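2 protein chains.
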Amino acid sequence: MAEIGPNTRLRVSPFYESTIAEGVAAFSPYNGMLLPVSFGDPQAEYHRLMSGVSQWDVGVQRQVQIQGPDAARLAQILSVRNLSSCKVNQGKYVPMCDHRGTLINDPVVLKLAEDLYWFSIADNNMLLWSRSIAAERGLDVHISEPDVSPMAVQGPKAEDVVASVFGDWIRDLKFFWFGDAIIEGIPLKIARSGYSKQGGFELYLMDGQRGKELWNIIKEAGRPWEIGPGNPNPAERIESGLLSYGGDTDDTTNPFEVRLHPYVDLDLEDDVIGVQALREIRQRGAKRHQLGIVLNGSEPRNGHAIWYDVYAGDQKAGVMTNGVWSPRMKRNIGFVLVSRSLSPGETVDVLINGIRQPGTLCELPFF
Amino acid sequence: MAEIGPNTRLRVSPFYESTIAEGVAAFSPYNGMLLPVSFGDPQAEYHRLMSGVSQWDVGVQRQVQIQGPDAARLAQILSVRNLSSCKVNQGKYVPMCDHRGTLINDPVVLKLAEDLYWFSIADNNMLLWSRSIAAERGLDVHISEPDVSPMAVQGPKAEDVVASVFGDWIRDLKFFWFGDAIIEGIPLKIARSGYSKQGGFELYLMDGQRGKELWNIIKEAGRPWEIGPGNPNPAERIESGLLSYGGDTDDTTNPFEVRLHPYVDLDLEDDVIGVQALREIRQRGAKRHQLGIVLNGSEPRNGHAIWYDVYAGDQKAGVMTNGVWSPRMKRNIGFVLVSRSLSPGETVDVLINGIRQPGTLCELPFF
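Chains as they are written, first to last, in this note's numbering: chain A, -7 to 359; chain B, -7 to 359.
Keep in mind that the hints were calculated from the coordinates and are not lab data. Errors might be hidden in some of the hints.
Restricting the straight-line Cα-Cα distance to at most 25 Å, the calculated cross-link-like pairs of lysine to aspartate or glutamate (DMTMM-like) are [unchecked claim]: (1) A:K204 - A:E151; (2) B:K308 - A:D164; (3) B:K279 - A:E137; (4) A:K204 - B:D259; (5) A:K84 - A:D164.
Since we're looking at a predicted model, the values are computed, not measured.
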């Protein structure tokens, strides 16, 4: 396999050196930066997340900061979920759509003040998008990417580790809520959030010069719980049914196709981007839907790097967007994006390297 | 160094398998795909480009296709260069700016018909940007990313190779002009263009299933001229003074700072994005400018992966955005983006890994 390292078009995370020291084995580009995607021991990394605690460099989750008199208005214009009930210090998981109703991101939106929001984004240039909309509509906001880089602490022991450093107040944080903290002079926000279903926190480092220090503080504090390095875990996230924007979506995917309907409010004002298109899509019905698939056989398969075509008989019915060996199910599982004519329980064939692999569709999540 | 390979958020170029077979050693992410950046023998790759012919997978240069009754109008709205004289089958190098006058891309714009344009883009999501502007302004266009992937053939022997396959008509192509071609049923457009100053062509493959075939056709045809694999060459492009959008620019860089003033028309209509801001910037004067730098000493330095701070005496005066060993000058050279108070001929210090390296500023290009 070919190599990758930082270059002048790839910014370095404040935790980059720490992940190198921890033995990062592979990266994936994400928001113009490098996201660690393996530390070389998948079994240990999965086990750590499921039963212990794991420390992740997710500095690639950049913040689009919207500040000013029109900040709340713009935040809503960019979000197809109603944000009116969002309180200061609360976050919400929000689909963002373009004017066609196509999903262009699924950030957590953090409300820091009545006139200050962060969109903690997945892999797409929402800074450019937000600036475009603000300028075209003449809104009074300042949009920037602040020096803020999240580190995730995930797993059932994450709360003990984070509480041991920052105090027991973090135990009272509700899901997606956040608060301010400071440790050894390092400014942070701490949110109960993260890209796993095993529980945990994201520490929003607010000084990029101090990533190594923060990494080591958490690493030291986590020793009693055998903390170790990790990253958004392919097996756990697929078992848990978590969407990967860009990995499981394409240039025409709308939120209804990928199980995001609970986060779409069709009675928002018409000026919210995508809402008018989504009403039409809702009325005529989405053509595809995302389901799980369990492939036949109980031998672990190799990595899944491209989308595979899915066939119902001789008809191409969609694609399998990801796949992984599930330690909990002892089966190869994944997500498919297929025609609405297919339902859970039906069998399909997945064309993998020219060979049809049969499998059975199911509801998501697996767990 | 860590590894990288395709994943489900990284699309694969039609030439990917061919570059793997040619021994690609390193990739850089670019427009959600992988750009080969080394085949492991920098000296041979440089020599091939300078005195022979080199074959590049630049499929990452995606096309933003704008089609419809308002296509010409939108193309101009997105471009701070006057496109009114652009003929069908002609391309132009065009700075794109946001509303702040900040550079967001520097594509070659290809006019395929009066109502059909391709923006052959550098590394930023101009599909999203273009759709945003078109929708906000209610323009009657269809914007898409067609199945089009360029392969570059570069170097002084490129014309002979391309003519041997497609005929002598390509010898008459003027710079940035293009024409239609077909070889063994593979549809293409051929432009005289490419990211080097050594001359050559870009073959716009219009069927992604046939990348391997096209690669092999050019490879076979090029044997008499000892064609070999390559990629946008760091040494040649820096010697030649070619800008790398995103590599040499930041979130506030305007076209005047990076020598693009010949491509900016300030008397365009006010609806052209960025023109009003650029008029103001022109009036008060840009604060920075891009110059060359020649570092003292004649020992080749290692790779340049991050921006280095530049000091004039004790004052931080800007950054060195790239650097490379120049085979032609036998010196370490690079680009700086520094205060306008500094001029060619002056000496500065570059802070590299904590050590001040003295160097002399100069005009660009070096050659």
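Here is what the structure says about each hint:
Restraint check for K204 of chain A and E151 of chain A: satisfied, since their Cα atoms lie roughly 21 Å apart, inside the 25 Å limit. Proximity of K308 of chain B to D164 of chain A is assessed by CA-CA distance (about 46 Å); at most 25 Å being required, the pair is judged violated. Taking the CA atoms of K279 of chain B and E137 of chain A, the gap is near 21 Å; set against the 25 Å cutoff, the hint holds. Annotation: proposed proximity of K204 of chain A to D259 of chain B is violated, straight-line Cα distance about 50 Å (limit 25 Å).
Taken as a hint, the K84 of chain A and D164 of chain A pair is honoured in the structure, with Cα atoms around 17 Å apart against an allowance of 25 Å.
Hint compliance for this structure: hints 2 and 4 are broken, all remaining hints hold.
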